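Student: So the chains spell out like this:
There are 2 protein chains.
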Amino acid sequence: MDTAAHTMDVARLAKEAARSVARLTTAAKNAWLLRSAEEVRAATDKIKEANSCDVEAAKAKTFSSALIDRLILTDKRIGEIVTSLQEIAALADPVGEISHLVTRPSGISVGRMRVPIGVIGVVYEARPNVTVDATALCLKAGNAIVLRGGSEAFQTNRALAESLRRACSETGVPPEAIGFIETTDREAVRILLTLDKYIDLVVPRGGKPLIKLVAGTATMPVLKHYEGNCHVYVDEFADLDKALRICLNAKVQRPGVCNAAETFLVHAAVANAFLPGLGKALIEKGVEVRGCPDTRRLIPQAKMATAQDWDEEYLDLIIAIRVVPTFEEALDHIARHSSQHTEAIVTENHTRAMRFLREVDSSSVMVNASTRFSDGGQYGLGAEIGISTDKLHARGPVGLEGLTTQKFIVFGDGHVRE
Amino acid sequence: MDTAAHTMDVARLAKEAARSVARLTTAAKNAWLLRSAEEVRAATDKIKEANSCDVEAAKAKTFSSALIDRLILTDKRIGEIVTSLQEIAALADPVGEISHLVTRPSGISVGRMRVPIGVIGVVYEARPNVTVDATALCLKAGNAIVLRGGSEAFQTNRALAESLRRACSETGVPPEAIGFIETTDREAVRILLTLDKYIDLVVPRGGKPLIKLVAGTATMPVLKHYEGNCHVYVDEFADLDKALRICLNAKVQRPGVCNAAETFLVHAAVANAFLPGLGKALIEKGVEVRGCPDTRRLIPQAKMATAQDWDEEYLDLIIAIRVVPTFEEALDHIARHSSQHTEAIVTENHTRAMRFLREVDSSSVMVNASTRFSDGGQYGLGAEIGISTDKLHARGPVGLEGLTTQKFIVFGDGHVRE
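If you read the sequences in order, they're chains F and D.
Sequential numbering from 30 applies to the first sequence in this note's numbering.
Sequential numbering from 30 applies to the second sequence in this note's numbering.
Please keep in mind that the hints were generated in silico from the structure rather than gathered at the bench.
Keep in mind the model is a prediction, meaning the values are calculated, not measured.
Careful: at least some of the hints might be erroneous.
Same chains, same names: a pair is fine if it fits in one copy or spans any two.
As a list, the in silico DSSO-like pairs of lysine-lysine whose alpha-carbon atoms are at most 30 Å apart [what the hints assert, rightly or not]: (1) K90 - K271; (2) K90 - K241; (3) K226 - K253; (4) K253 - K241.
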């Protein structure tokens, strides 16, 4: 197979199909989603067979057990994929919404209409469920998609994509709208990322090296986040019971995810009252504490934090803690070290809360709540294609609305400009 | 002067100042705008003196008269600059707006807050008023700015930027928030466009070669439009009086601007009734008509249109006209040839109007109105930093709101994730 020609064909056909997808009614898109759920369920054995081939090959190549765990599809996981298709069918369709419609002095009416973006490229690693979740979200938002998953999940992804395409024929969705690169040749990724004439937006899903590769190569816009170095700041006016609950939850409830906290900042005025109890609770939960000198005075088991700790995304049971002399110093620390993903303040003081909300430049900013809430499901977006720490277009968890854009619409009655 | 070091300093200082600008109250920003208006008015003689140097130098270099016309600042033009500062002071401040606030089943409240983008780079050509308009819009939206105007307007731009900075000291705005590159060395542009760690968004203002240079070089997002190949489609169900009025206005009211029409598509069912009259009216206004064979049959003075005419942005008294057999063919023609700026349909048929609105993928889509309305002032945005034909972030005329972004905000009361 000629990788370049094939990749270009897939993208070009997706672009041609995008106009039909944009025109689909909500009923047609939901029919396709529910039919896809049936097709995936009916193909469970075939999908598991394809998955076994991938898993065997990955084991033979002695890939890490974490990668193999992400790769394996069990009946339960396939059941979750089916459920997610049904859930996306139940979400409201953002396409066609008209807002901000006002009549102007000239007599024209001007508003905005929400419309699909066009073709979304999704480049991902070993999790096969992304094949289905991303396709479902993109098509529900009226877009075509071009999928490029990790080579280690190739057989599984192909079997899943076939199920999604089988659902097309009976529901009027053009199968070319689900573009699937039929080769594991890595060259396909590089070519895909330069096809800005066909692909309007690319979403990388995976580890930092993948994100860097995509952001550095893509000639179209990229929706991404690199990492989540999230902070909880415990203010001098904090309710320390709430602070303890939030800090523990933000660090230990699921430490391996991007919205887990990596640094606590504690105002000096409450350090004596707060840190010994926090230290005890963290250590009981098996957390390694790395602290500034003030922290180590109050949590004797803490190791000395190095300059590098303030920039670290541990994704593990490790926390960096710093005592800050002022609220301003907490804001400065966050401005210097945050990855602009999610930060929280714990305070009972209204002015501090509102200044923190306004001045911290992150995709999610919280008052008296755990950073772990930073998630499309928790925010009511239904499902997310990813989290964006970019500042433009979509910021934070990105659901169906983030996969659309708005255009201006004008209604006149023969109006001309004077 | 070391161009690289200077450019980096200007951008770095703007980034540092951006946090202060984001915190400014609306009153403080308006005070700065009104004070700037006074400073520019008071410095009129000095600004005109600087402008004379630029104009003399441009004449000596035998620049085109169009360029010299754009460069010259008269008392009237300086008066317009002063007025525009006052008008921007009168606009509503988008920063801090909280929307979509809902309480979720977990008990947290989730909403979105409108916040500044950070630092906006503006790269422009010979119009000195951009120095003031762009700075006023960016600062009102809570952003810092880095200005890089054309070397032919350097003295004028510097005098204007000095006036804006003089207004800073008494109003608490950090003068570093108005970054001005103090050299005409072209190398500064190339360096500026790679400083994505300091500059969040760049807006090129000028001709297509400048836009291409910026889009091809910039490592940060670019807000731009290349050209306006705008279409008016006259449907078989059009009111032909409205159609004539709209076609003439869209072509001749101001042919040199991007929202002027460049192609008319006319449904075959009304071609006989419509085209002879349209042709006569256009030719009376001095418009050169280039048509398809059907058009030439009905407008004998029309030249034969070549394939290239359908992609041309004339910006002149020239129009391409094509008779299309069906509504679908009009949609296809627009999908193939439009620059996705502005398209209009003239029809009395509701279903056609709504399909055109939904399916034409342009930044502005209109029913029974002239494309000339595609403009921030006409849309009620107050003033615009430019028009975007990009699909992400801001599309169409971009005013204050397009110079901001939204982040998620979460209010809890000690809430943690289960």
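Student: Next step is simple, just say for each hint if it's right about the structure.
Tutor: Tested hints:
no., hint, in the structure
1, K90 - K271, "neither (48 Å within a copy, 70 Å between copies)"
2, K90 - K241, "within (25 Å within a copy, 46 Å between copies)"
3, K226 - K253, "both (20 Å within a copy, 16 Å between copies)"
4, K253 - K241, "both (10 Å within a copy, 25 Å between copies)"
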